[in-house]
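Peer 1: Next come the chains, spelled out residue by residue.
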Amino acid sequence: MIRPVLAIDNLAKSFTMHLQGGLAIPVIEGITLDVAAGECVVLGGPSGAGKSSILKMIYGNYRTDAGAIRVATGEGETVDVATAEPRRMLGLRRSTIGYVSQFLRVIPRVPALAVVIEAASAFGIGGDEAEARARRLLTLLNVPERLWSLPPATFSGGEQQRVNIARGFIADHPILLLDEPTASLDAKNRAAVVELIETKKRNGTAIVGIFHDDDVRERVATRIVDVTRFASRAA
Amino acid sequence: MTGQPLLTAESVTKFYGSRLGCRDIGFELYAGEVLAVVGESGSGKSTLLKLLSGQLEPSGGRVLYRMRDDVTRDILTLTEAERRFLFRTDWGFVHQHAELGLRMGVSAGANVGERLMAVGWRHYGRIRDEAETWLERVEIDATRIDDRPTAYSGGMRQRLQIARNLVTSPRLVFMDEPTGGLDVSVQARLLDLMRGLVADLGLAAIVVTHDLAVARLLSHRILVMKDGRAIETGLTDQVLDDPREPYTQLLVSSILQP
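If you read the sequences in order, they're chains Y and B.
So in our numbering, spot 196 of the first sequence is number 211, and the numbers just go up one at a time.
So in our numbering, spot 12 of the second sequence is number -1, and the numbers just go up one at a time.
With the rest of the complex left out, here is chain Y:
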C-alpha cells in the first residue's frame, strides 16, 4: 500500500449560527478518505451535501470540529491541518496544497498575468520560469492576450474563472483541491481543464475535486466518493 499524500480521518464539521439563536447546522461527520499521489478523487453528492466544506477544511479555510487531516509535506513530515498553527498552515499552502476556488478573489489594480505569476512566486518558482508558465497557461485556457495586462475585475465570469484556474495550476503542489473549476466554462475550455488535470495526475499530484458536469467527472475521476453517506442528518 502506497502511503497516502492526504489522509482524512473521521472528520466532522458543523456550524453554530449565533445570530440565529445558536442554531447548529451539522455538515458532515465521520468522513474518512485516503488520497494517493496521481489519484483524482471526485467528491459526489447533491449540493448542500458538504463537498465544498470538505475541500475548505483540507485547505484550512474552515475549521474542523473533530478528526484529523494528515498531509505529507515535501520534507517527509506529516502535518495535521485540523490542529496546525496558522504559520504552519500558511507554509503548507505555499509548498504543499493548491486550491482552485469557485470564484477568483479580485485584487484592485493587479493585472491578470501578475495574478497568475504571484501564485508561482509564492511556491518558489522564479521570475522568468513563472512568467513563461503563466503565459502558457493563459494561452492554453484561451484568455485573450489583450486581457493579460488588465486587472480581472472587469472580466466576464468565465474569463475570471480561467485566470483562477491558471493561478491554481501554475505551481507544482503535491496536493490540488478543485472546487468546480469547470462550472462556468464552455466545452472547449472544459476540455483544456481536463487536459491540465490529466497532466497533473501523470506528474503525481493528488487531486480532490468537485465537478458539476458528468462528462468531466467521468473523464478525470480515478474514483468517486459519494459524501451523502457522511452527511449529518439535519437536526
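Hints should not be assumed to be uniformly reliable.
[Claimed, not checked] Calculated pairs, SDA-like style, for lysine to any residue (alpha carbon to alpha carbon, straight line, at most 20 Å):
no. : chain 1 : residue 1 : chain 2 : residue 2
1   : B       : K213      : Y       : L34
2   : B       : K213      : Y       : H33
3   : B       : K213      : Y       : M32
4   : Y       : K216      : Y       : S247
Quick caveat, the hints were computed from the structure, so don't treat them as lab data.
Place chain B on chain Y using the hints.
Peer 2: Below, chain B without anything else, positioned relative to chain Y:
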C-alpha cells in the same frame, strides 16, 4: 525563515485607573507575517498597538522583541539608544492621520531623508536619490520632491508617510487604521501598494483596522478584539469565512456587499 518570533506579546494588559484598556493579549509574530487587529472603536486596538510599540507601559505582561543581533529583549528594559534605534530604523509607525507621522513644515524629500540621516547617511546627493527612489516606489511623481506635504492630497500624504517609514528597511511596521478617512478609490490604491511592498520587502506588520476588507487583503492572521480582550484568532480567511464567536459572526455579517 528563522525559528524565533520577531515579536512576542505575553499576557499584555493595560488598565487606565480602574478602566480596562486591554487584557491578557498574547501572540507571536514572525518575520514576514502580517497580523491584523480588528474590532470596533473602544475595543482596545489602539491601546494594544501602543503597548506593542513601547509607547505605553503595560500594567501587566510584557512585550519581547528580537533585535537585529538575534537577542530577544523585553522592550521596556531597552536602553535609550536601543529604543531610538528601533523607532528610527527597525520599526515603522504608520498613523491614520499622516500629519502625525510627517513633518508638515519641511519638503517631502526631507521627510524621507530625515530617517536616512538618523541612521548615519550624510551624502546629500545620495540621500536625495534614495528619497526620489522611494517617492517613485509609493507612486509620487519625483518632481514633487521639494513640495511640502501640506500641498499633498490625503492619499499622497499617506503614501509619503509610508515611504518615510520604509526607507530605513524596518523589519516591523505598526499601522493604525492606515486607510481610514481616505476615499474608496484612494484606499484601493494604497492597499495594493502596501500589499506589494510588504510582500517584496518581507516585512512583518501589525495592522489595526476596523475594516475587514483591509484585514483580508493585507494580513495573514487576524486577532479579533472586543471589550479589551482577544476573543478570536487564526488565519485571516479562516476567521472571516468560518467565524466561531458570536461577535465575530456579527462583524462578518455586518459587511455591506456592493
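Peer 1: Each hint: holds or not?
Peer 2: Evaluation of the provided hints:
1. B:K213 with Y:L34: holds (17 Å)
2. B:K213 with Y:H33: holds (16 Å)
3. B:K213 with Y:M32: Answer holds: K213 of chain B to M32 of chain Y is near 19 Å, not above 20 Å.
4. Y:K216 with Y:S247: Violated, at roughly 31 Å.
The structure is inconsistent with hint 4 alone, although it conforms to all the rest.
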